[in-house]
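Please construct the entire structure, taking both the sequences and the accompanying hints into account.
Protein chains in written order, with our numbering: chain A, 1 to 182; chain B, 183 to 909.
No wet-lab data here; the hints were simulated from the structure.
It is possible that some hints are incorrect.
Said to hold, decoys possible - Here are the simulated SDA-like cross-link-like pairs (lysine to any residue), alpha carbons at most 25 Å apart as the crow flies:
{"#": "1", "chain 1": "B", "residue 1": "817", "chain 2": "A", "residue 2": "71"}
{"#": "2", "chain 1": "A", "residue 1": "60", "chain 2": "B", "residue 2": "565"}
{"#": "3", "chain 1": "B", "residue 1": "437", "chain 2": "A", "residue 2": "57"}
{"#": "4", "chain 1": "B", "residue 1": "437", "chain 2": "B", "residue 2": "725"}
{"#": "5", "chain 1": "A", "residue 1": "60", "chain 2": "B", "residue 2": "255"}
{"#": "6", "chain 1": "A", "residue 1": "60", "chain 2": "B", "residue 2": "196"}
{"#": "7", "chain 1": "A", "residue 1": "60", "chain 2": "B", "residue 2": "208"}
{"#": "8", "chain 1": "A", "residue 1": "60", "chain 2": "B", "residue 2": "438"}
{"#": "9", "chain 1": "A", "residue 1": "60", "chain 2": "B", "residue 2": "372"}
{"#": "10", "chain 1": "A", "residue 1": "60", "chain 2": "B", "residue 2": "197"}
{"#": "11", "chain 1": "A", "residue 1": "60", "chain 2": "B", "residue 2": "827"}
{"#": "12", "chain 1": "A", "residue 1": "60", "chain 2": "B", "residue 2": "209"}
{"#": "13", "chain 1": "A", "residue 1": "60", "chain 2": "B", "residue 2": "194"}
{"#": "14", "chain 1": "A", "residue 1": "60", "chain 2": "B", "residue 2": "817"}
{"#": "15", "chain 1": "A", "residue 1": "60", "chain 2": "B", "residue 2": "631"}
{"#": "16", "chain 1": "A", "residue 1": "60", "chain 2": "B", "residue 2": "287"}
{"#": "17", "chain 1": "A", "residue 1": "60", "chain 2": "B", "residue 2": "685"}
{"#": "18", "chain 1": "A", "residue 1": "60", "chain 2": "B", "residue 2": "286"}
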Amino acid sequence: MDSAIPELATAGTLPSAAPAAASILGPGEVQIELEVNGERHELSVEPRVTLLDALRERLKLTGTKKGCDQGTCGACTVLVNDRAIDSCLTLAVMHVGDRITTIEGLASGEQLHPMQAAFVEHDGFQCGYCTPGQVLSAVALVREGRMTGDDAIREQMSGNICRCGAYENILAAVRDGARRMA
Amino acid sequence: MTKIGTSIPRPDAHDKVTGAALYPADLIREGMLHAKAVFAHRPSARILRIDASTALAMPGVRAVLTAADVPYNRFGLIETDQPLLCEDRVRFSGDRVALVVAQTPEAAAAGASAVKVEYEDLPVLTDPRDALEPDVPRVHEDRSNVLLHQKIRKGDVDAAFASADVVIEGEFSTGWQEHAYLQPDAGIAYWDEQERLVLETAGQWLHEDRRQIAAMFEMPEERVVIRYAKIGGAFGGREDLSLPPLVALAAWKLKVPVAMQWSREESIVGHHKRHPFFITSKWAAKRDGTILAAQTRLVADGGAYASTSAEVLKCATIFATGPYEIANVATDGIVCYTNNVPSGAFRGFGAPQAHFAAESMVTRLAHALGLDPVDVRRKNLYREGSIESTGLPLPAGVGAREVFERCLEEAREVLPVPLHNGAVSPLRRGIGIACGIKNVGYSFGFPEQATATVELEVTPVSIRSANVRIGTADVGQGAHLVLRQIAAEALDLDLERVRMITDDSSEAPNAGSASASRMTLMGGRAVKDACDQARRQWLAGEEPSATVQYRPPRTTPLDLETGEGTPNYCYGYVAQAAEVEVDVRTGLVRVVRVVSVHDVGRAINRRQVEGQIEGCLAQAIGFALTENFICRDGKVLTPYLSTYLLPTALDMPEIHPVIVEGADPNGPYGARGMAEMALVPFAGAVAAAVHDATGAWVSDLPMTPERVLHAIKESTKNRLVTPAMSS
Ligand code: FES
Ligand code: FES
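Right under this line is the structure:
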């Protein structure tokens with residue numbers, strides 16, 4: 001019976017501060033503290049829980065989407081210390097002490113982040129399911145100074161799939177969002 | 183007219199950029215149980231025994247449901263031939279044999295892997311062409327493997343072949359295509375205080391989902407409520423019920439709230455695909471370019487269950503001759519059951535596959551005649567009053583020629599004059615053109631209607647606001663905004679004063695599915711008529727509340743042997759020019775520029791129309807080039823997005839969408855549907871462009887690098903052989 005799909009828990013691509021680096025965690029739940037959108041959250045998770053599941057299921061931050069759980073679609077993109085990563089490819093326990101930003105933490109109150117405003121203005125979506133990931137990837141792209149032209153945007157946003165194919169408008173939004181962020 | 187024709191932004195834009203928009207999986211709450219399906223993972227077998235005892239003894243597992251728990255264990259959009267949970271027989275690897283319900287998703291998954299099922303494997307039928315043989319195993323014991331054989335006979339093809347100046351033959355194949363809507367299937371179900379079974383999920387047709395689910399649980403329809411959350415794409419993939427009735431079963435049976443979500447792999451294995459087709463064609467023409475005859479045999483793989491196969495097949499059959507008026511036509515469309523993943527609706531609904539062959543044939547015919555493919559198209563394209571292959575004149579509003587001429591004009595502007603590729607460069611460029619036609623709305627006598635209710639809040643001197651009730655799925659295409667714009671226009675109200683009630687089957691009437699490019703025309707017309715009637719009521723001093731059912735002109739079933747009938751009440755027309763670059767060392771094809779011209783009748787929201795053209799082209803690129811779905815011996819070998827390659831931002835060409843507005847006689851403000859059209863001719867345009875670039879015809883989709891390289895090799899080999907001319 002192979003109906004259960006095994007969970008892929010690959011390590012994240014970033015060097016992150018793991019708690020108590022020398023000790024072995026798990027398999028039971030461990031207490032950790034995560035800083036998400038400027039707030040500290042105490043939670044207890046099994047070490048195998050991905051950052052994505054911790055955000056969605058424990059912290060109820062459902063703005064971060066799951067499209068594949070394997071690092072192939074970009075819907076789960078969040079910022080960790082300002083860099084964009086697939087939150088399905090990293091474990092929650094690896095991010096103690098990191099600054100995590102999800103789509104819910106981007107606007108300041110009612111004031112949309114300039115990149116969000118640009119997506120609204122340019123209709124950078126259809127169904128909207130890829131949008132949180134697209135917006136956060138774009139923000140990271142600009143913050144890291146990798147925005148060197150349309151080709152660079154296409155290349156660096158190519159990890160964020162939009163099945164509705166709103167790429168043209170996403171490109172326009174990223175271009176404009178970068179201007180607004182400057 | 184100020185509310186329509188403008189690019190008003192989506193009302194849900196703010197929620198979509200802030201993460202506030204709630205999709206089905208976002209509705210899962212603390213305390214709900216979780217359901218997990220046990221998949222068969224084998225294509226053909228008899229179920230001997232299901233032993234749930236180990237699973238039931240596991241911590242957190244609350245129930246293991248099987249076929250015996252489903253009162254009426256059959257469903258389907260056209261035919262009810264699919265069991266919700268298999269009884270004694272498995273017909274494809276994504277069949278579900280049991281449903282485990284547990285306290286956590288982890289417990290449900292563990293429980294599902296502990297359900298022991300004993301199978302006796304049976305012979306597997308995986309090629310629809312074999313399905314036609316007399317002594318192959320039957321997929322459904324009680325019926326033939328041929329789901330439908332639709333013929334079209336017009337004129338006399340044999341006489342035409344005998345008298346023609348040129349006759350050419352071709353063989354084509356197209357692959358499965360996975361919808362890969364980015365939001366994997368999910369939903370929650372529970373009983374509400376009024377003892378109604380409520381299902382909150384994503385779909386394409388509230389009232390049809392309700393009808394099928396009510397039938398499965400033998401409940402009156404009013405006691406089942408379907409509510410759509412935000413829908414993360416659909417593209418035809420949510421037309422058939424896949425996950426929703428499973429979670430509904432768990433809640434119905436256990437009387438507690440239950441949640442369920444599928445992984446990407448479960449979604450890919452568990453729901454239907456675009457039909458693969460095998461097509462053989464023989465076309466004939468006169469020296470002046472008049473197409474005299476088209477003979478086509480299309481064999482489609484319907485997979486294990488009927489889904490919408492019969493309708494898709496009939497559409498492919500009528501579009502086997504593309505948008506051309508041809509005097510002599512013989513078409514045989516055949517769709518068979520196999521033990522592969524079921525095939526059904528996918529944007530384009532049979533038209534892209536049929537057009538790939540037809541458009542390739544037209545271009546090859548022109549080449550064989552030594553004529554320009556543009557001139558051959560001009561000579562044969564449908565015009566107002568043309569007779570379809572099914573024997574009667576086309577519905578009024580034939581834009582085929584207009585979009586074609588506009589496409590040529592635009593292409594002259596934006597595409598370079600055919601480059602003469604330097605023999606030294608491995609990167610060869612080429613340009614191809616193709617045309618397309620696709621029905622808007624349901625065909626072949628399938629009951630077609632849309633109902634809307636409009637309630638006005640009024641003063642003696644003005645209309646203050648309106649409630650528009652219309653049960654429609656906004657799958658991302660923007661249907662709700664378009665309908666709201668139509669209401670605002672009809673009532674001369676600000677958009678903010680029109681309240682849309684659209685997502686609850688108990689609150690809004692049935693407007694049919696968000697499919698077949700029909701919602702702007704059908705739903706829009708119902709809304710407009712209801713607005714007009716409510717306004718008249720108000721002017722007459724009556725209670726301003728109107729419910730209007732719009733029915734378009736009648737269509738009829740096709741005669742099975744001759745194809746005679748009135749297949750459709752409306753068509754959309756499209757023409758495209760594509761420029762490609764082929765790397766002749768690797769066979770990799772890159773689409774550089776595309777001109778896509780559409781007769782949309784009237785663009786209610788121009789930006790959304792352009793968005794549909796661009797988005798549809800992204801999927802067309804997948805269909806033509808990158809999306810290689812592999813199902814071998816009944817097993818899906820590409821169940822992940824790492825092996826099934828969706829187009830990314832890097833794959834997108836420069837797109838020139840052009841909107842032509844030749845009013846439809848029935849559509850609201852002249853609008854007709856358009857959201858599928860860009861997929862229809864695209865693969866044909868790309869194939870012609872690849873030929874232009876390399877001299878090689880690729881006849882199999884997707885045009886993977888391997889296939890392109892192979893075709894280039896073959897064409898170099900055959901370069902000295904002259905094309906076969908007829909006697
Ligand atoms: S869900 Fe993480 S990349 Fe798809
Ligand atoms: S908007 Fe639907 S996936 Fe991007």
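Pair hint residue 437 of chain B and residue 725 of chain B, alpha-carbon separation not exceeding 25 Å: violated, 41 Å
Hint consistency between residue 60 of chain A and residue 209 of chain B [alpha-carbon to alpha-carbon, up to 25 Å]: holds, 10 Å
Restraint status (C-alpha distance of residue 60 of chain A to residue 197 of chain B at most 25 Å): At roughly 16 Å apart (the allowed maximum being 25 Å), residue 197 of chain B and residue 60 of chain A satisfy the hint.
Pairwise hint evaluation, residue 57 of chain A against residue 437 of chain B, where the allowed Cα distance is 25 Å at most: holds, 24 Å
Restraint check for residue 817 of chain B with residue 71 of chain A, where alpha carbons must lie at most 25 Å apart: Between residue 817 of chain B and residue 71 of chain A the Cα gap is close to 24 Å, so the pair holds against 25 Å.
Restraint status (C-alpha distance of residue 60 of chain A to residue 194 of chain B at most 25 Å): With a Cα-Cα distance of about 21 Å, the restraint between residue 60 of chain A and residue 194 of chain B holds, given a limit of 25 Å.
Residue 60 of chain A paired with residue 685 of chain B [C-alpha distance capped at 25 Å]: holds, 24 Å
Hint consistency between residue 60 of chain A and residue 372 of chain B [alpha-carbon to alpha-carbon, up to 25 Å]: holds, 21 Å
Straight-line alpha-carbon gap residue 60 of chain A to residue 287 of chain B, limit 25 Å: This hinted pair holds, its Cα atoms lying about 16 Å apart.
Proposed proximity, residue 286 of chain B with residue 60 of chain A (alpha carbon, max 25 Å): holds, 16 Å
Residue 60 of chain A paired with residue 565 of chain B [C-alpha distance capped at 25 Å]: Violated, at roughly 57 Å.
Residue 60 of chain A paired with residue 255 of chain B [C-alpha distance capped at 25 Å]: violated, 36 Å
When the structure is compared with the earlier hints, violations turn up for hints 2, 4, 5, 11, 14 and 15 and for no others.
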